[in-house]
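With the hints as your guide, set chain B onto chain A.
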Amino acid sequence: MIILDLFLSFFKIGSFSFGGGYCMLPLIQNEIITKNSWITAETFIDIIATSQMTPGPIAVNSATFVGYELAGVLGSAVNTFGVILVPAVIVMILSKYVDKFKNSKILEDIFTGLRPALVGLILASAFSVGKTAIFNIQTLGIALVIFLIINKFKTHPILAIAFSGVLGAVIL
Amino acid sequence: MNKNLKLFLIYLKIGAFTFGGGFAMIPLIEREIVETNEWMEPEEFRDSLAVCQSVPGAIAVNNAVFIGYRINGVLGAIAAAFGVVIPSFLIIMTIASVFTQIKNIKMIDPIFNGIRAAVVALILTAGLKLFTKGIFNIFIIVLTFIGIAYFELNPIIVIIMSVAFGILKNRKEEQ
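Protein sequences, first through last, are from chains A and B.
Taking this note's numbering, the leading residue of the first sequence gets 1, the next gets one more, and so forth.
Taking this note's numbering, the leading residue of the second sequence gets 1001, the next gets one more, and so forth.
Please note that the accuracy of each hint is not assured.
[Stated by the list, open to error] Here are the simulated SDA-like cross-link-like pairs (lysine to any residue), alpha carbons at most 25 Å apart as the crow flies:
1. B/1169 x B/1128
2. A/96 x B/1034
3. A/105 x B/1165
4. B/1103 x A/96
[To be verified] Covered stretches of chain B (chain A as the covering partner; in silico rule of three or more C-beta atoms under 8 Å from a C-beta of chain A):
5. 1002-1013
6. 1027-1037
7. 1047-1053
8. 1069-1080
9. 1109-1119
10. 1149-1158
It should be emphasised that the hints constitute simulated quantities derived from the structure, not laboratory data.
Ideal Cβ placement from N, Cα and C applies to all residues, glycine included.
So that you can see chain B by itself, here it is in the shape it has in the complex:
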């Protein structure tokens, strides 16, 4: 089978069946890329994850681009990215097209309100899971939180500021 088509189909499957974010799908991708197709060595695959997690973007899409590019250049990257995005693209578009009608049914308001309350719990849980100790970390966490939640600063500015603080801290420790 054509490499681009194969990449597209592998990532289509991954895009269609991975719920709960990028990390959940890593074992699935590893099996397809490393074991089934032997396109990459296991170490190489693991190293690629470091890149995918360190740069902006969704991990799933970054991974598709990385692997696709490694295996078949820009065309491979496009084929894999297209595959991984298509399922959620179609599903969300379908939901969006009926969303307004559903929302206008007054009877289901309580269900929506219940779900919205649950979303708070889900986000809070994700935040607390990543919580790290140490004075510097807590300083940055508090600063970021207040900056966005209270002063309504642009998150981009807050991110750049935090990175600058981190660099200052590392330089100071070197001295």
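Okay, chain A solo, but in the shape it has when bound:
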């Protein structure tokens, strides 16, 4: 049953989505493309771009988008519920123990390995998105130009995305 499959996938994504934002891309990708082929690699990148241009967390955005594509409004609702369920329960439980939590040794233990792992996750995601998105010298050029302007001139991501669309229209 598609609704149940969707719920379980996004439940899993939510449970391990440490670090927020781009860190969870490989997780989402693994569930919705590699394992289930629910959407194409291109559509996944389009969702990421859309998330950059609209408000809201990327986890919720991709949950809503994939749910809608596969099962309409109900799919969107079920996915969004699935992706926030485990984090919400954990946060409610921990909210009572903030003082203990702040300086706990367990936290330090977990984050020693987790912090660099999240960097690896993001870079792996850049690599996999790159394999789909960069397919000729022009697209490589656009990626380099955008990388340069966001890092050198601190251009806002929304502006950078708009500019890349114009570049695409002109040179592709």
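Frame of chain A, contents of chain B only:
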């Protein structure tokens, strides 16, 4: 005004106007919760961020649940979470409903392809910003990268493995 309704409205506003991820909205939330409504002390608010960033989940949603729960129990948490999620939920659903039609227009393919190339740059930038030095860190970064990008391992396994390595490292240093 009813506390739940107030929480819902505050987080609705936050969900509708924060672009660029969870960190961007923290000052906005702090103003609403600490200054305007005086529901929390500044230190308490800052401590709550530590929890929200350390557990899985989107920072925005975690924060809504944390603050909502503190102020009005489970109902408060639901009201705030609902508020913060609703705007992106509606916007993305609207986009998804017209997405296929737009994508089928061949003329705009180049625009899409240009944007996709830019996404690579955005993700790469985010990764490099978090890059940390040190042999152990670089070891884990490389291991995670190869594990996912080359061996296509499940990211969950890679995360658990990295945490285990970190614990081993800390234990070894204590000895």
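Checked hints:
1. B/1169 x B/1128: holds, 24 Å
2. A/96 x B/1034: Holds, at about 19 Å.
3. A/105 x B/1165: Distance ~15 Å between residue 105 of chain A and residue 1165 of chain B Cα, so the pair holds.
4. B/1103 x A/96: violated, 48 Å
5. 1002-1013: violated (count 0)
6. 1027-1037: The restraint on the segment 1027-1037 of chain B is violated, since only 0 of its residues have a Cβ under 8 Å from chain A and three are required.
7. 1047-1053: Three-residue rule met by the segment 1047-1053 of chain B, so holds; n is 6.
8. 1069-1080: It holds, with 4 qualifying residues against the three required.
9. 1109-1119: holds (count 11)
10. 1149-1158: Three-residue rule met by the segment 1149-1158 of chain B, so holds; n is 6.
The structure is inconsistent with the numbered hints 4, 5, 6, although it conforms to all the rest.
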